[in-house]
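Add chain Z to chain P, keeping to what the hints say.
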Amino acid sequence: MADISRRGLVGVLAAAGVPITAAAGAAAARLRDGARIGWPSDVPSWDPQFRFVPDAQPIYKMVFDQPLDQDARQALVPGLVTAWEMAADGLSLEVELRDGVVFHDGSPMTSADFRWSFLERIRAGHKVDTAHSWRKVVAIETPSATRAVMRFASPAPTAPAWLAFLGSFVVPKAYMERVGLDGFGAKPVGTGPYRLVDYQANARIVLECHEAYWGPRPSLRRITVEIIRDGAARVAAVQSGQVDLTVAVPVREVQRLDGMAALSAELNAITRVTLLQVRHDAGFADPNIRLAAHHAIDKVALSRVFTNEVGVPLSVPATPGTAGFLDGFTFPHDPNIAIELLARSGHSVAAPARIRMATTRGQFPGDYDMARAIVAMWRTVGIEAALEVIEFARYFALNRGNRLPEATLYSFDNATGDPEIGAGTLLNPLLPFSPWKDMALGQKVLDLVDAAGEPDEVARIAAWRAVTREAVETGACMPLLQSVQTVVRRKALSYRPYGNGWVLPQTMDWI
Amino acid sequence: MNLVAMFARRVLVAGATLLMASVLLFAALRVLPGDPAAMPVLPADATAEEVEEVRRARGFDRSLPAEYAAWLGGVLSGDFGRSEHLGRPVAALLAEAVPATVELALVAMAIAAVLGLSGGVLLFVLRAEGGRAEGRAAISEIGTTLLLSVPEFLWAVLFILVFGVALEALPFTGRLDADVARPVVSGFLLLDTLLVGDVAAFLSAARHMVLPALALGVVVAPPVMRVLRAALVDVYRSDYIHQARLRGLSETRVLLGYALHNAALPMLPVLGVQFGFLVGGSLLVEVLFAYPGMGALMVGAVRNGDLPVIQGAGLVYCALVLTVGSLLGARLVPR
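Going down the list, the protein sequences come from chains P and Z.
Position 100 of the first sequence, counting from 1, maps to 100 under the numbering used here, and the rest follow consecutively.
Position 316 of the second sequence, counting from 1, maps to 316 under the numbering used here, and the rest follow consecutively.
With the rest of the complex left out, here is chain P (with noise of 0.2 Å):
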């Protein structure tokens, strides 16, 4: 028996062919014309126009282009428009697009491209996101192949941001028209910098340069985009050399990895905002209990744990630098007050207001470990907060059907940095996306919607900032900090960082 074991095994543990030893040489060698991009999730399709998903916006910006852009500070810049004029009244916008812009099949973009994009699809019936955007659109008027007159039911002044934001693309309309939508899901056609060549849902994308594009040539030729969706497995992945970059890993890492010979890793303030979007009832229904409770939260504190002080603590709904932002206006922490409003209702540590509190976890960097902190920071003065971990998607179902809790974390993107867009959307008593229902606040902010066709910019924006200011003075909103992006990369690939998040491949070349 004793030879069995040493002579006997050996033979069928080699029969067996123990996998171990598969095979050598890693994956690790660098296409010096190309780059690979870990990346945490999908497109949810290839029409670019069909949801609304900030994540896959510099995904669809290397396949598609978009009228107006934006530079690294987010101030508005050419696109496939070259000039843009809007009317006084706010109820036309006048467009010049580029000339000799190519699809990568090959055929124009024209104006009619430009109409079918903003209002035919629509009309068709097409389900896309950017019907809402464009709900207001009545006529495109296309009076030559580079100009066209965008016409709204109502003043639309912030026309020329939405031109640069979510899902406003041009998609060629003869194309389209002929392969019908599965058919452009399959095989999208863009006049972006780059063209699809292979995809895999959940897996890979394959994109390679557009010779015939209209702007600079990206340096880089080919484009893998890995979909990683585990944060670990993206650190994983850049250190071991299988991407050459990837974001939004746990903050905790990006010390770690930037100490890293090969590696160079940042943290960048971008334009979304995390807040807690608060219920203007139930256990927040006392105005007490509300300023308490944010008056209470430490986000200097929240900002250098959590951000290593790169996200700026916020006073109202607006990143430092766009036109929502209140330069001088500060919503103080201070626990003595917070112990104060809440001893005015009857509450103490002794005898806590009882709310509910919500949270994603792995949504956005530290959100579950932020709620947490909240929620010890509230039971130090009195404020004791049930908190539940939900899904994302279950945020929006729960959101809609008008059952959050009191008050729910969650990272708003307002790239364009118009008020409109963010305390329009936040606050708005009529959208669902809003928990805050009270109309005393709330008519304030539909009043400003209706009138948004105030000739005056500045006027515009100003009441824009004093609605917000009020929001977050009576406890309608809880603004806590500007939202960081974690950015890895090989040393020798750079990039150009932008405020809103992109992370253009475009922008890239090897050093």
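Derived by calculation from the structure, the hints in this document are not laboratory data.
Keep in mind it's a predicted model, so treat the numbers as computed, not measured.
Built from N, CA and C at the ideal position, the CB exists for glycine as well.
Heads up, some of the hints might be wrong.
[To be verified] Coverage of chain Z stretches by chain P, computed from C-beta distances (three or more under 8 Å per stretch; other residues unrestricted):
no. : segment
1   : 83–91
2   : 159–166
3   : 173–184
Relative to chain P, chain Z alone:
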């Protein structure tokens, strides 16, 4: 019972099980708090009227049984509905994901069978006999218990860290290297690369398959090892083994040439049962390895509240497990 009757009985049982699973799946998703019509099928600035329109259009305003009947009718005719989040037919999404997962599961099962076979023989050889070699037996027992105790996702993390990050020996994201073109024939990538004669792509796909399949296979192997060891102990009490020894055959030949053949049969139903655990475990493993199969589809659907995909994928999972369990548990083992 003849073969036809046995087969018919198996099909009936599997059908009834599948039906019950579909009822449970459907009911569980509908009784969860939240409004299915309010899932993110509309943008943030959708109005209450638009939510109601979605409710009517999707049939969420009907009674639960009526809704279930309509869904089941669609499934029976091959229509699993349309993904709310992706806007594509669920059947098309499943057709892309199922081959990837089945391929991974088959490779994992092969690894599990090889590990189970070799490990079972090792356990048998190291077993305590009349007080001898108790130390070795204890060590081997602890070894299999350890293998059993560590879940597949931890093996996955361990393999990624050791073979992927530390040694940089094997890839652990996706199914192919970035510079390798993907042949599309059947969706079974190993097979497709061979069909088109692309050896480089085959090797790339095989290398990408090693770590996820190993993470799944390692967990399935220990029960197989234990069953094989017990079967070998049993077989060694048989007269024909004594006869073989008396004829002077070497112990290696007795084990590999005579005992192993009969002792290996009980492994098959165990592998069938373990296949269910393996497919279930592939959910997390696929996510960790960024592997585009049913796991990735399911996790994405759950995150997005995509009910038609969750229902369709859940049902296909059940069908897969039932089919393989029935095949390995009954058809291949004549009892």
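Hint check:
no.	hint	verdict
1	83–91	holds (count 4)
2	159–166	holds (count 4)
3	173–184	holds (count 9)
Hint compliance for this structure: no hint is broken.
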